[in-house]
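Student: Let the hints inform the model, and build the full structure from the sequences given.
Protein chains: 4
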Amino acid sequence: MKLSLEQLQEYNQSLFSSHQEEFGFLANQLSKEGNDVNGLVEKIKAFQIAVPSWALGAGGTRFGRFGIGGEPRDLEEKLEDIGLLKALTQKTDSVSLHIPWDIPSDYASIQSKAESLGISFDAMNSNTFQDYGQPHSYKLGSLGNAKKSVRDQAVAHNVEVIEIGKKLGSKGLTVWLADGSNFPGQASLRNSLHWTQESLSEIYQAMPEDWKLLVEYKPYEPNFYHTIIPDWGTSSLLCKSVGDRAKVLVDLGHHLPNTNIEQIVATLVYQDMLAGFHFNDSKYGDDDLTTGSIKPYQLFLIFCELISGSEDGAQAWESISWMIDASHNTKDPLEDLMQALEMISISFTKALLVNREKLTACQMEGDVVGAQECLQEAFQRDVRPLVKEARIQLGGAADPIGHYRKMDVRKKLIQERGAESRSTGL
Amino acid sequence: MKLSLEQLQEYNQSLFSSHQEEFGFLANQLSKEGNDVNGLVEKIKAFQIAVPSWALGAGGTRFGRFGIGGEPRDLEEKLEDIGLLKALTQKTDSVSLHIPWDIPSDYASIQSKAESLGISFDAMNSNTFQDYGQPHSYKLGSLGNAKKSVRDQAVAHNVEVIEIGKKLGSKGLTVWLADGSNFPGQASLRNSLHWTQESLSEIYQAMPEDWKLLVEYKPYEPNFYHTIIPDWGTSSLLCKSVGDRAKVLVDLGHHLPNTNIEQIVATLVYQDMLAGFHFNDSKYGDDDLTTGSIKPYQLFLIFCELISGSEDGAQAWESISWMIDASHNTKDPLEDLMQALEMISISFTKALLVNREKLTACQMEGDVVGAQECLQEAFQRDVRPLVKEARIQLGGAADPIGHYRKMDVRKKLIQERGAESRSTGL
Amino acid sequence: MKLSLEQLQEYNQSLFSSHQEEFGFLANQLSKEGNDVNGLVEKIKAFQIAVPSWALGAGGTRFGRFGIGGEPRDLEEKLEDIGLLKALTQKTDSVSLHIPWDIPSDYASIQSKAESLGISFDAMNSNTFQDYGQPHSYKLGSLGNAKKSVRDQAVAHNVEVIEIGKKLGSKGLTVWLADGSNFPGQASLRNSLHWTQESLSEIYQAMPEDWKLLVEYKPYEPNFYHTIIPDWGTSSLLCKSVGDRAKVLVDLGHHLPNTNIEQIVATLVYQDMLAGFHFNDSKYGDDDLTTGSIKPYQLFLIFCELISGSEDGAQAWESISWMIDASHNTKDPLEDLMQALEMISISFTKALLVNREKLTACQMEGDVVGAQECLQEAFQRDVRPLVKEARIQLGGAADPIGHYRKMDVRKKLIQERGAESRSTGL
Amino acid sequence: MKLSLEQLQEYNQSLFSSHQEEFGFLANQLSKEGNDVNGLVEKIKAFQIAVPSWALGAGGTRFGRFGIGGEPRDLEEKLEDIGLLKALTQKTDSVSLHIPWDIPSDYASIQSKAESLGISFDAMNSNTFQDYGQPHSYKLGSLGNAKKSVRDQAVAHNVEVIEIGKKLGSKGLTVWLADGSNFPGQASLRNSLHWTQESLSEIYQAMPEDWKLLVEYKPYEPNFYHTIIPDWGTSSLLCKSVGDRAKVLVDLGHHLPNTNIEQIVATLVYQDMLAGFHFNDSKYGDDDLTTGSIKPYQLFLIFCELISGSEDGAQAWESISWMIDASHNTKDPLEDLMQALEMISISFTKALLVNREKLTACQMEGDVVGAQECLQEAFQRDVRPLVKEARIQLGGAADPIGHYRKMDVRKKLIQERGAESRSTGL
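Residue numbers (the UniProt record's numbering), protein chains in the order written: chain A, 1 to 426; chain B, 1 to 426; chain C, 1 to 426; chain D, 1 to 426.
Treat the hints with care, since some could be wrong.
If several chains are the same, the list does not tell them apart, and a pair holds so long as it fits within one copy or across any two.
[To be verified] Using 20 Å as the maximum straight-line C-alpha spacing, the simulated SDA-like pairs for lysine to any residue come out as follows:
| id | residue 1 | residue 2 |
| --- | --- | --- |
| 1 | K32 | S14 |
| 2 | K171 | E202 |
| 3 | K406 | G370 |
| 4 | K32 | D382 |
| 5 | K32 | E21 |
| 6 | K32 | F16 |
| 7 | K2 | E76 |
| 8 | K167 | L79 |
| 9 | K240 | Q197 |
| 10 | K240 | M273 |
| 11 | K411 | G366 |
| 12 | K32 | Q20 |
No lab work stands behind these hints, which were simulated from the structure alone.
Tutor: Following this line, the structure appears as structure tokens:
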């Protein structure tokens with residue numbers, strides 16, 4: 001299913017005058033305060049987020065799953081959905097594939113499809129947390145399994161994923177390891193870490209020189225006593241032991257209660273060790289909710305760290321990978337992704353508005369109250385007209401969800417693909 | 001598959017002399033300290049725990065499931081597995097059924113099977129958290145759904161479960177409600193509570209007069225923003241509004257981090273409002289690990305509250321329902337259940353050994369150090385010989401897991417039922 | 001120290017034209033969307049928050065305290081500080097006293113001082129968590145102490161606090177109970193709850209008929225194993241047992257990790273059982289940070305519940321007490337309080353802007369995405385011009401902190417009261 | 001106050017025959033299972049724990065402090081208290097001093113006192129979290145303060161502490177840094193980390209070559225938004241950047257909810273990066289409760305990691321520092337320390353009993369149930385007779401707390417030092 005550009009422009013037209021008014025007023029205010037409004041809009045336009053192939057269908061929990069209907073049935077349809085998101089939001093231009101779910105049957109056709117939609121291939125994802133017919137079970141772990149045969153199989157799978165990614169033009173491999181144990185004693189904590197280190201090193205060796213390895217951490221689930229890579233410290237330890245192009249991936253839902261995530265981001269940026277992000281939100285654990293829907297201020301503070309780290313030269317903005325990773329149990333996945341892209345844009349834009357010179361002065365002088373005012377000054381601002389302006393300039397929809405609903409997209413997808421179509425994923 | 005009693009007695013025989021020595025020494029020590037050893041053994045023998053029908057197969061997480069093989073394929077085979085557990089441990093004599101998974105096709109045959117194995121039917125469980133072909137989806141809730149049609153359907157399902165239970169001789173209905181929301185705004189917090197209250201009241205009205213309603217609470221999962229019954233306070237509020245025979249069910253994994261669960265138990269017992277338990281253990285959330293495997297001291301403290309509450313006349317021991325509710329992702333479910341039954345027995349026995357007179361004196365005098373010593377005096381004791389003695393006296397195995405393995409039970413079950421047999425459950 | 005009204009108006013004047021422009025644009029937009037802007041401003045003006053007497057000096061932690069200088073040395077100076085806050089913010093018009101810290105030596109003089117500043121006396125606070133020369137120590141508890149003599153003393157203290165409050169025109173008593181235990185076994189969980197119930201009942205009996213009892217809960221600190229009133233459920237249980245005018249006080253920092261506080265608020269409002277609030281913010285525990293500085297979205301969601309509960313007739317807005325309770329370890333307390341009052345105003349105003357009709361429609365239709373959009377539509381709005389307009393209309397400062405700093409208030413207070421003056425408090 | 005050795009032996013005599021019986025039975029059982037009982041007793045005897053000088057008086061919380069009476073008034077009396085603990089328990093032989101609280105006025109006299117009591121000087125502790133008359137305030141940080149003058153002062157203080165320690169024969173410096181911030185924006189997360197790294201490097205340079213630097217981490221308190229060294233990862237990062245003899249100190253109470261602490265220990269041991277321990281226990285945060293009083297199984301699992309790490313050659317047992325760090329708010333500090341030393345001994349002994357060969361076999365074969373049984377086999381054992389035997393062999397009391405109470409030690413200390421004597425500490 002493809003959007004008609006004419007309808008989109010027509011719809012935009014109807015919203016244009018009120019947008020002009022709001023954008024004009026905001027732009028004027030920001031200019032008076034010394035901001036380069038055009039520069040801001042350009043930064044917003046340039047910031048693009050990858051969408052994972054598994055986020056296009058309904059997710060689920062261990063208690064069940066409720067299908068949404070019209071889910072993409074194969075890789076081509078997944079690309080089409082991302083093409084739709086791109087057309088509406090102009091905020092995503094790449095897809096992150098998951099192997100074995102997304103092995104292309106015809107590389108040339110997939111590549112040409114992607115090209116026609118303006119979509120490139122972000123980091124590849126391997127899967128050693130499920131059994132899908134491979135000789136050895138991953139029930140008790142993969143890269144850190146006590147049995148060498150299982151570890152070898154898991155390494156080989158990752159190498160295969162790299163090969164697939166090379167053909168598609170991807171430049172990175174994301175390793176999320178579910179390995180761990182459910183009970184004290186089940187695994188040797190030291191040995192399983194050691195084996196993981198060895199396995200990751202082998203995978204790293206198999207990577208092309210222009211690739212990076214993104215090593216994810218997560219404190220628990222699906223294992224509930226210990227996870228081999230539970231925190232950024234362990235991920236960082238492993239990365240440093242395997243090579244320069246191994247860096248730490250931060251998934252916002254992978255932390256213990258009360259963790260200061262923006263500080264972890266700052267500490268990684270400080271070391272030029274941040275591989276990238278999996279955006280989502282959570283109240284309890286790895287809830288995989290729409291990013292910004294629960295803790296919008298946290299998302300803003302994370303962007304403050306990223307922007308200041310980049311501006312200060314600690315870690316280059318371009319070296320960081322951006323991806324959404326959420327699970328849509330009760331929402332239409334495409335609408336959810338549009339909400340996520342909007343919240344990311346809003347948070348990023350607000351963080352751009354922080355008066356960093358003033359903030360630094362407050363920090364140096366110990367003006368705690370002033371520093372808080374500085375952040376609130378940016379956070380309280382309604383920046384949606386800026387975000388909308390950037391989107392319109394790129395040819396996107398003034399109101400992506402509104403247009404998506406007006407066009408009855410989900411209904412059409414269900415007609416095309418069926419009410420029971422089920423996308424691969426969790 | 002049935003155990004040969006002769007083999008069991010033979011195996012027991014081989015372990016008997018060392019048991020005699022250990023039990024004799026412990027009994028002698030306990031007697032010197034003024035304990036009635038026979039009385040203790042009788043109490044241990046009398047304490048029986050129900051097993052849920054869904055705990056007999058491998059569990060799973062949203063990331064996948066690893067089958068164990070030989071899982072019971074129907075209700076009859078589930079009863080057989082519990083019969084096996086009973087023969088080995090003499091610690092369980094009832095099953096808790098889950099509808100629609102366990103609707104008997106032939107009531108008479110199921111009842112006669114249960115009778116022949118000495119198994120009765122504990123509280124029934126309804127399911128309004130999944131879709132299994134019913135007209136209205138439970139995706140956005142059941143008893144607290146915004147739509148009356150869905151609420152009515154969910155109430156009717158519960159009434160049907162009561163009808164099934166009546167035929168089997170059950171005396172209770174456990175309601176675990178997954179209802180809630182994933183995002184702020186999705187549900188009206190007040191209205192959804194109100195609707196739940198109304199629905200529970202209807203279900204209560206449909207219950208026979210000698211039944212009780214066990215209302216479970218859980219803070220999150222599968223909903224990750226709000227759950228309608230998140231804590232004991234809400235469960236208690238609802239119970240009090242529907243009637244005297246509605247009480248609060250405590251599942252050990254259904255609490256926020258750092259909750260003092262034994263205090264909740266004490267507060268419920270104080271009000272004669274404790275319906276019963278779902279035993280399991282957890283380190284992070286509703287991990288559903290083997291009870292006592294992570295926090296054995298907590299389990300001991302809970303039994304201290306239950307015993308003191310019963311001895312002081314706050315709530316009668318007999319009025320409380322006892323059930324295991326765990327998920328076996330990496331263990332043989334039958335072995336896991338045997339470990340759970342053993343840990344429950346050990347904790348219960350240690351709690352029986354607390355010198356409550358001395359403890360109360362310390363509490364009244366403000367002797368904080370002395371009170372801790374009192375509890376440690378009981379907790380540090382190795383009570384396994386007492387537990388074993390009780391089991392042997394009832395005809396169980398001296399070493400249940402040892403005998404189960406010696407008899408190659410799982411291998412035989414796989415031969416009978418197949419390596420791919422899959423039990424209903426989570 | 002008193003502010004000169006002329007200086008204030010002069011300063012306001014200098015900010016007026018830009019405020020006019022911003023307010024005008026916002027008012028116009030809101031009107032177009034169907035809002036009654038004047039009505040909104042009136043609601044903001046009417047919403048007043050009490051300040052506790054102990055929040056006017058520097059707070060501290062168990063690791064030390066860093067004085068701020070110029071702290072109020074007695075009750076009169078405390079009233080003066082609150083008068084200052086009132087003049088600047090027009091958002092507070094009452095003080096909450098803490099006994100024994102704030103026993104007036106001359107009631108008439110205190111009352112006339114308060115009257116002249118336009119300050120009334122909000123709920124009184126008793127102190128049975130510290131020793132200050134009373135015969136029996138509160139080391140092991142007060143209202144729930146195992147010794148009757150201590151309980152009697154604690155009850156008598158509360159009765160005395162009521163007497164003091166009666167003379168000042170207060171209409172409520174807030175009981176925060178630190179009672180609990182540090183170790184398993186130290187206290188009988190059931191008995192200590194029972195004694196607390198008895199003690200509260202005696203206090204309730206001593207209260208005038210037009211007073212209310214505000215019963216606070218807190219999961220831990222200063223006791224670290226169990227706290228007698230750890231959660232809203234226990235507080236509610238106690239309140240219901242003592243009488244209709246006993247209700248539950250919510251302090252935002254008194255919850256276990258990940259608690260959904262807005263749901264607790266909704267559940268209390270549903271029962272007309274919410275006594276009031278202690279506003280602050282926290283990332284870890286009872287951090288007592290400036291409200292809204294860590295989780296502004298949570299504060300907004302709480303106000304959404306309060307407003308909808310009031311509009312739906314569940315609990316009347318006027319029946320709820322509003323108070324700040326924070327500890328200022330690194331900020332000037334007066335500046336901190338101004339930031340808190342501003343964040344409360346902003347959150348309240350945003351919650352007023354929620355299109356509740358549309359939200360309810362989304363909830364009834366199961367439009368999860370739409371419901372989230374509804375809330376974000378209000379939350380993303382920059383409502384500061386509305387808040388400022390209300391303040392200016394009441395005669396307050398356009399920019400309270402700016403004016404406070406321009407006037408060098410803290411410097412003058414230090415000159416008056418000394419750099420080492422120390423206010424009573426924590 | 002000194003214990004009479006004769007009275008101690010007399011008291012021991014009265015408990016001897018029952019001890020003999022219990023120890024004999026246990027030793028016989030353990031021998032039959034292949035254990036070297038004498039070897040076990042020797043290991044228990046050799047394991048000694050340092051006591052911090054600040055743990056000898058009553059602790060407190062920000063809500064107040066309740067003195068115990070008879071607290072040591074100066075360093076000499078502190079040494080005497082530790083001498084008493086040593087005589088009774090034979091489980092401690094060193095003290096950890098805190099500067100500026102414990103600066104000796106006469107080094108020779110302190111050293112001779114310590115020698116006569118058989119007490120040596122463990123790691124020194126600096127204090128840059130409080131103001132005690134130094135020129136620059138630590139209110140906004142010390143080693144990571146934005147102002148260089150404050151950082152220089154804090155470095156100089158640490159260098160002074162090293163100088164004092166050198167004179168006393170200490171071989172280590174423990175740095176616990178309270179530095180952090182209470183509000184987003186208050187501090188630059190990256191810069192404050194960088195400054196801390198620089199300051200620690202300077203301190204490291206000032207350390208003698210046979211000293212080690214123990215760098216503590218803590219997620220929050222007294223700062224409640226960010227702490228510069230919040231986790232083992234940051235501590236490890238800093239240590240690695242300053243030199244080989246800088247290692248990570250683990251305080252059991254310094255973790256976010258649900259942290260798997262034994263895994264952190266294993267990860268540090270894996271890298272030979274564990275400096276040592278601060279033993280205590282906690283249910284909520286840095287509760288500083290008696291170690292083993294809340295989570296005894298966790299303490300056992302930690303010792304399992306330490307013993308296996310040492311036996312496997314990952315990190316030498318001798319390279320690790322052992323210290324108690326608790327706060328005694330409701331207990332007699334000396335009794336509390338005796339309970340802590342006993343719980344450490346019990347946990348250590350149980351961990352020694354784990355059949356590691358069998359456990360490793362279970363781990364390699366994926367026998368999850370068997371591995372749990374292995375640990376429970378050791379944990380359920382009542383090892384108190386072994387611990388008592390070791391203590392008696394060294395000349396300690398059979399029942400330390402019993403003897404302490406029989407001798408009325410606290411009463412005598414109050415007579416000597418007064419009921420209001422107050423020890424330095426928190």
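Student: Determine for every hint whether it applies to the structure shown.
Tutor: Status of each hint after checking the structure:
1. Taking the shortest alpha-carbon separations for K32 and S14, only the inter-copy value of 16 Å comes in at or below 20 Å, while the best intra-copy value is 29 Å.
2. For a Cα distance limit of 20 Å, the shortest separation of K171 from E202 inside one copy, 18 Å, qualifies, whereas the shortest one across copies, 41 Å, does not.
3. Taking the closest pair of Cα atoms, K406 and G370 come within 20 Å of each other only across two copies (14 Å); inside a single copy the shortest separation is 45 Å, beyond that limit.
4. In the homo-oligomer, the alpha carbons of K32 and D382 lie at most 20 Å apart both inside one protomer (16 Å) and across protomers (17 Å), since each shortest distance falls under that limit.
5. Both within a single protomer and between protomers do K32 and E21 lie at most 20 Å apart by alpha-carbon distance, with minima of 17 Å and 13 Å respectively.
6. Proximity of K32 and F16 under a CA criterion of 20 Å is satisfied inter-copy only: 16 Å between copies versus 24 Å inside one chain copy.
7. Taking the closest pair of Cα atoms, K2 and E76 come within 20 Å of each other only inside a single copy of the chain (13 Å); across copies the shortest separation is 53 Å, beyond that limit.
8. For a Cα distance limit of 20 Å, the shortest separation of K167 from L79 inside one copy, 17 Å, qualifies, whereas the shortest one across copies, 54 Å, does not.
9. Taking the closest pair of Cα atoms, K240 and Q197 come within 20 Å of each other both inside a single copy (10 Å) and across two copies (19 Å).
10. Taking the shortest alpha-carbon separations for K240 and M273, both the intra-copy value of 9 Å and the inter-copy value of 16 Å come in at or below 20 Å.
11. In this homomeric assembly, K411 and G366 come within 20 Å of each other (Cα to Cα) only across copies, at 16 Å, whereas the closest approach inside a single copy is 57 Å.
12. Taking CA atoms no more than 20 Å apart as the test, K32 paired with Q20 passes in both settings, with 18 Å inside one copy and 16 Å between copies.
Going down the numbered hints, you'll see the structure goes against none, and every one checks out.
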